[in-house]
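Assemble the whole structure, with the sequences as input and the hints as a guide.
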Amino acid sequence: MVEIFKALAEESRLRILSLLLENDMCVCEIENCLKLKQSNISRHLAALKNSGLLDSYKQAQWVYYKINEDFIHKHQHLWLYLEEKLKELPSFQEDYKRMQKCKFENICNVTI
Numbered sequence: 001m002v003e004i005f006k007a008l009a010e011e012s013r014l015r016i017l018s019l020l021l022e023n024d025m026c027v028c029e030i031e032n033c034l035k036l037k038q039s040n041i042s043r044h045l046a047a048l049k050n051s052g053l054l055d056s057y058k059q060a061q062w063v064y065y066k067i068n069e070d071f072i073h074k075h076q077h078l079w080l081y082l083e084e085k086l087k088e089l090p091s092f093q094e095d096y097k098r099m100q101k102c103k104f105e106n107i108c109n110v111t112i
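Sequential numbering from 1 applies to the sequence shown in this note's numbering.
Read the hints as simulated data drawn from the structure, not as lab findings.
Computed from a predicted structure; not experimentally measured.
The beta carbon of each residue, even a glycine, is placed where N, CA and C say it ideally should be.
Errors might be hidden in some of the hints.
As the list claims (entries may be wrong) - Derived lysine-lysine pairs resembling DSS-like cross-links, with alpha carbons at most 25 angstroms apart:
no.	residue 1	residue 2
1	K58	K35
2	K66	K49
3	K35	K66
4	K37	K74
5	K35	K87
6	K58	K101
7	K66	K101
8	K101	K87
9	K66	K6
10	K6	K35
11	K49	K6
12	K85	K103
13	K49	K103
14	K87	K97
15	K49	K74
16	K103	K74
17	K101	K37
18	K74	K87
19	K87	K103
20	K74	K6
21	K85	K49
22	K97	K35
23	K66	K85
24	K49	K37
25	K85	K101
26	K49	K35
27	K37	K87
28	K97	K37
29	K97	K74
30	K6	K37
Stated by the list, open to error - With beta-carbon atoms standing in for the labels, derived distance ranges:
no.	residue 1	residue 2	range
31	I72	A46	18 to 26 angstroms
32	L21	N50	14 to 22 angstroms
33	L80	K6	14 to 22 angstroms
34	N106	K74	30 to 38 angstroms
35	F5	Q59	27 to 35 angstroms
36	S42	V2	19 to 27 angstroms
37	G52	N106	23 to 31 angstroms
38	S56	W79	14 to 22 angstroms
39	C28	D70	22 to 30 angstroms
Written out as structure tokens, the structure is:
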């Protein structure tokens, strides 16, 4: 539980989770959407993954991140709360628009 709440105690990590609510994303897409450096994104993704909130898979040379289904099932009440509150972040609307643009432009040039 401590690792989960540590992971959630950082605004950039909450922003990452909000992007992943509806889409799996690779590091370059997250970097582009949040306008953060790749090293920072990777550090935040590692914390979220180590806490059990995220899962990852590889496609070509890209690593994609997604919400961990086991986490959702094990922590249903917490997840429902997060799902609602992540959409209320002040940055959500702008981040979401950038995410849609990234997906439309296919910045990684990958066909999924």
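Structure-based check of all given hints:
1. K58 - K35: 23 angstroms, holds
2. K66 - K49: It holds: about 9 angstroms lies between the C-alpha atoms, which stays within 25 angstroms.
3. K35 - K66: Holds, at about 19 angstroms.
4. K37 - K74: Answer violated: K37 to K74 is near 32 angstroms, above 25 angstroms.
5. K35 - K87: 19 angstroms, holds
6. K58 - K101: 22 angstroms, holds
7. K66 - K101: 18 angstroms, holds
8. K101 - K87: Holds: K101 and K87 sit about 18 angstroms apart, inside 25 angstroms.
9. K66 - K6: Given pair K66, K6 holds - Cα atoms ~19 angstroms apart, limit 25 angstroms.
10. K6 - K35: Since the Cα atoms of K6 and K35 sit roughly 22 angstroms apart, the hinted pair holds (cutoff 25 angstroms).
11. K49 - K6: The given pair, whose Cα atoms are some 12 angstroms apart, holds under the 25 angstroms limit.
12. K85 - K103: 23 angstroms, holds
13. K49 - K103: Status holds; Cα separation ~22 angstroms.
14. K87 - K97: Within the cut-off at roughly 13 angstroms; holds.
15. K49 - K74: The given pair, whose Cα atoms are some 15 angstroms apart, holds under the 25 angstroms limit.
16. K103 - K74: Violated, because 30 angstroms separates the two Cα atoms, which is more than 25 angstroms.
17. K101 - K37: 19 angstroms, holds
18. K74 - K87: 21 angstroms, holds
19. K87 - K103: 19 angstroms, holds
20. K74 - K6: Holds - the C-alpha atoms of K6 and K74 are around 18 angstroms apart, at most 25 angstroms.
21. K85 - K49: Distance ~20 angstroms between K85 and K49 Cα, so the pair holds.
22. K97 - K35: 13 angstroms, holds
23. K66 - K85: OK: K66 and K85 at ~18 angstroms, within 25 angstroms.
24. K49 - K37: 18 angstroms, holds
25. K85 - K101: 23 angstroms, holds
26. K49 - K35: Within the cut-off at roughly 21 angstroms; holds.
27. K37 - K87: Holds: K37 and K87 sit about 23 angstroms apart, inside 25 angstroms.
28. K97 - K37: 19 angstroms, holds
29. K97 - K74: Given that 25 angstroms is the threshold and the Cα spacing comes to 30 angstroms, the pair is violated.
30. K6 - K37: 21 angstroms, holds
31. I72 - A46: 18 to 26 angstroms: Once the Cβ atoms are compared, 20 angstroms apart, the range 18 to 26 angstroms for A46 and I72 holds.
32. L21 - N50: 14 to 22 angstroms: 20 angstroms, holds
33. L80 - K6: 14 to 22 angstroms: 21 angstroms, holds
34. N106 - K74: 30 to 38 angstroms: Because 33 angstroms falls inside the window, the suggested range holds.
35. F5 - Q59: 27 to 35 angstroms: 31 angstroms, holds
36. S42 - V2: 19 to 27 angstroms: Taking Cβ atoms as reference, S42 and V2 lie about 22 angstroms apart, which means the hint holds.
37. G52 - N106: 23 to 31 angstroms: 30 angstroms, holds
38. S56 - W79: 14 to 22 angstroms: 18 angstroms, holds
39. C28 - D70: 22 to 30 angstroms: 26 angstroms, holds
Checked against the numbered hints above, the structure violates hints 4, 16 and 29; every other hint is satisfied.
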